[in-house]
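Peer 1: Those protein sequence lines, which keep their order, are chains V and D. Every letter in the first sequence is one number past the one before it in this note's numbering, and letter 3, counting from 1, is 3. Every letter in the second sequence is one number past the one before it in this note's numbering, and letter 77, counting from 1, is 1077.
The set of hints was computed from the structure by calculation and includes no laboratory data. Take these hints with a grain of salt, some might be off.
Label pairs and their computed distance ranges (CB to CB) [said to hold, decoys possible]: (1) D:1511 - V:73: 53 to 59 Å; (2) V:73 - D:1129: 50 to 56 Å; (3) D:1047 - V:77: 27 to 33 Å; (4) V:119 - D:1314: 38 to 44 Å.
For clarity, every value in this text was computed on a predicted model and none was experimentally measured. Don't be surprised by glycine CBs; every beta carbon is placed ideally from N, CA and C.
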Amino acid sequence: MKRREFLQKSAIVIVGTAVVKAAPAVGANGQWSGLRKLSPAQAQTLLVMARQIYPHPKLDDACYVSTIEELDAQAAVSPQTARLIIDGVAQLQNSTGGKFDRLSPEQQTAALEAIQSTAFFQKVRSTEVVSLYNNHQVWKQFDYRGASYPFGGYLHHGFNDLKWLPNPPDSASPRG
Amino acid sequence: MAQYDHSDDSVIVIVGSGAGGGTLANSLCRHGLKVVLLEAGSRYSPATFRNDEWFAFNQLAWLDKRTASGSWRVARDFPNLPAWICKTVGGTTVHWAGASLRLEDYEFKTKTHYSGVGGANLLDWPLTLQELQPYYSMAEDRMGVTRTNDIPGLPGNNNFKVMYNGATRVGYQTVHTGRMAINPQPRSGRAGCMQLGFCFQGCKSGAKWSTLYTEIPQAEATGRLDLRPQSMALQVRHDRNGKATGVLYVEQSGQQIFQKARIVCLAGNSIETPRLLLNSASSMFPHGLANSSGQVGRNYMRHTTGSVYAIFKQPVHMYRGTVMAGIILDEARLDPGRGFVGGFEMETISLGLPFMASFLNPGAWGRDYTRQLEQYSNMAGMWIVGEDMPQESNRVTLNHAVKDQWGLPVANVHYDDHPNDIAMRNYAYKRGAAVYEAAGAVKTIEVPPYPSTHNLGTCRMSAKPGDGVCNKWGQTHDVRNLFISDGSQFTTSGGENPTLTIVTLALRQADRIASECAKRNL
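Bound-form chain D, shown alone (with noise of 0.2 Å):
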């Protein structure tokens, strides 16, 4: 592994190893760039994860203090827990499902398509799903996708099989396994799926991919990469022509660094990305870095999400197997004559017994409730995850009442539910139930939105510079040498899980780094 000088100029800064900063990281390495990859979390393995949600949960979420606001009631159940997404080498990747779905044509132009929509901020994306194209298919080989590549879909479990026969029943056509970075068979040094039912506290058998255990120790084996874990970036600095000149960062230690950078690139999660531009504020940027659009931390989304549990007469054992098990996809689709733009899908989804009892209906207690959970064993569950709306007010800003551990002011997740948001999900709901109800379910139960782990928009892409943070290759609008790396930069969410996405502008914007490098553009 490479150890660069901290005044050593010539190296790419990497903020954050999840899926958008350690994709990013390898293939600049593999590109023959030097990279530092700098990560707030500590480095833990398939070997030291636990099949245990509670330890799991403390051992790789991030719990750095933040407060939410707004009416979405994830900022009265979880005030100090926005999003449930990790602090670790690999960040959400270690936590994530695997689904693996390529956007629509359509939800790359909104402002196109979903005309009439009030309240909202949208906007088409600065480049299309075709010049996607060839990078997803690269992402999908490399992050081993099943029914793509000759990758054959998983075996379903008991919590699929209560889904397929009730979506089928109720007339959906487009019903199966997923498409998931989980393989069913060994594949690129990646182990076979043990259905082991904890995809959400890292894979113990590493079959899901994870830029913990694929793309970052293949950078380091290039020998360009210098991977720099419980370093937590503090402030991107500049010069006094507007050039990002590197990253101040703190050890565990306390000691605070300032490693130099030819090109600084942010990928911290749609929190902390924005949340770093605004504590970089200077004389020269007084609004936070690249903010001249006053976009940065604007339009958060978080996707319109739900769940619903169903109870039957006979067991299910739903947390048997993988987490995210099968999906309707008849839904994802443009059709307002459903009464709201934008399309969702329903994925099985299994909690534990201990994350059932919390997050089932937070905050819920007495014997009525009880009762539900009695019946865990008889349930099968279900996700909703569809297209919310940007929304200029919906925004991540600093909390200079409440600071980190650092000194520095923590971030503030505000979130309102659009309307369009909100006819999603009573839609959801009810389709959801539907297919439940025609399994043979005896209770259906509509959970409320659990803290979000699919975090987006909050540097958004623009073709116009005042429209957004950064343009088509994620390079900001105002610093050409400062790139935004993750979900951060969608300038819509699209209603498919996003890292696959994610992964694919991250392939895309390093071979435009590496060019530009090249061609001494940069």
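Excised from the complex, chain V in its bound form (with noise of 0.2 Å):
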């Protein structure tokens, strides 16, 4: 499954330094496509809710997108998962009226701190925690480079270059 599949709009979907605004727009409901279980409502909710999960101010909406997908794709092939999601967010939304999705930011993370206990918060949460921190987008804003098989190694791209602090001896740190 290719994670641009679920927005249409390219504008949503731009990744990299790009800073977007925390609570994605209203009505960005009929932007979802692709999804196989999951209704657009839906998704846009888990969408807000990850954000509030894992809020970085500098990662933008696609970011969060794959822990979207990842959901959408358990629920697809787990009628018990795909309950757990769906319960979830028809009482996320009835323990605010409906309105979750545009509450503040405070708002939206005390209505998760009432539910962080439930296997549904804790569902969307362990997936978000690995699917958002493996991202190489979102490395890169983390100055994190990953793999370096591919070039060689750090032994020539910077394992030792820290310059702030002195060297320590070659007794203690051979310079190999």
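Two chains, two frames, some hints: make the complex.
Peer 2: Structural data, given as structure tokens:
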């Protein structure tokens, strides 16, 4: 499955250094496509939720979409997971008068704190903590380069390039 | 490679191909003995490893279900992952970081030295450091440990620079890039370290010692090793005289096979080894094989651990280069004046961003947490590893309510910290934070223990049969042709990373088995 199938509007798919508002625009529901099990409205609520669980103002929505993609894929193959997610979204909306997506970030966080011990919340959080931080676009923002074998390791690419402290003596750290 | 018949009762069957089993297999083959090596996992190679934390975790980790209980936080955060160890040819030597330290003399005599510690099931080892020294030397040479055998230390990375500066500023004296089974330069058929930063994910350069590409191919080259991957041991069987007759195992297809054996050696790690003995209960051994002492599965130790991460104003990029890039050894000593017995080391550690997000504070979420993660590139990190107390109630048992894919009860791992463990951890957290503050940290973060990689003590050595499961050779007190060949045999945990000692014990056990076979005692 391609992540980009999820969002038709390329403006939202732009990744990298662009700074996007923490809360997606109201009425973004129609932009979801390619969902296998979840409705666009459910996907949208999950996206808003994902942004509040691991909020990074500098990351755009596309970085969070992989989490929704993963949840949707799991819901498509497991009726149990589908029920957990769909019921969870419904309860979250019920608890906020159907306005969760449009609450302030503080109110959204409070609504999530109220459900943080539920299986639904833990499902979303545990899925997100893997999918969000395993995203190479996110790595760029965090200055994490990841795999080094393809370019010969960090041996000649900065493994000991720290300059703001003195170098240890050879007896402690041979120059190699 | 040899292929032995299932009815060949002249073979030695070893269960598990990691530090203990892989080393033992090679040594026995070199002694001219025939070995069948059963490994539950698949065979990979440096070519099929990936510098990718989650991919590698799914490729290499033991993910068959286990359960956890007790007051340790791992039971809450990772209820089905009490241990982070491997299911693959090479076992956890594929994943380990390479730190290779000998145990200290006093650590073999804890009952003697740690008097007054209540609630601990302390016991002196039935052997001494002196007896082990020649085998430690052999192990260091085979593994290519830096700062031994004229092998220089590794060059330190940025993470070590931070540790070194902070450590020396607070007065620590013994701080260097460690004794590591990682080649600085090519040696003994292994390449030199490329500072990949993915020691835990299987070393793609092969610079780090692992039985996967050292002991096991060497054993295969003798023509005496029959390695059987994807072969999960289910039960050790015995005859009416109480002698082990072989191992029942299951292939990936579900086909069950009974391999006859002259001798059986268990090296399935300190969780699977006792589980196998408990699952081998019979009318003659109703509480599990080799368990007349009732000690099988008890005294489970996992080292007193924890991590300290620190955030600096300027970049560190700790993930570049060897994961355990350096060590502070000053606290590895017996000094009850600190408020606890036993010693500990501080060793650099780093996690990539994907694992850092999962482990910096498991379960945490929200903006306060993500602000810390946003400082990832300015973080340095260290891991605390120290001796934990053996307790009878810390225990691997069979969880009859949960079955694995073969229908056998899974292992439950129960652990409660001993007050000594807590005192050591809290002291070590403070010392680690002091090191980083001396280097200019703006914030330090105490990180709880990860799922256990050092699993020890569940079939411990003892002089008296009533106190433990095996004797000083790893030979079980109850079944003379059954041996314990992994970290399960540790009487107490010591404060050092255990792999070097596991290899050392395996080399020594191999000589013992060979000589006993030659004398027809086995």
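Peer 1: If a hint holds in the structure, say so; if it doesn't, say that too.
Peer 2: Checked hints:
1. D:1511 - V:73: 53 to 59 Å: holds, 54 Å
2. V:73 - D:1129: 50 to 56 Å: holds, 55 Å
3. D:1047 - V:77: 27 to 33 Å: holds, 32 Å
4. V:119 - D:1314: 38 to 44 Å: holds, 42 Å
When held up to the earlier numbered hints, the structure conflicts with none and fits them all.
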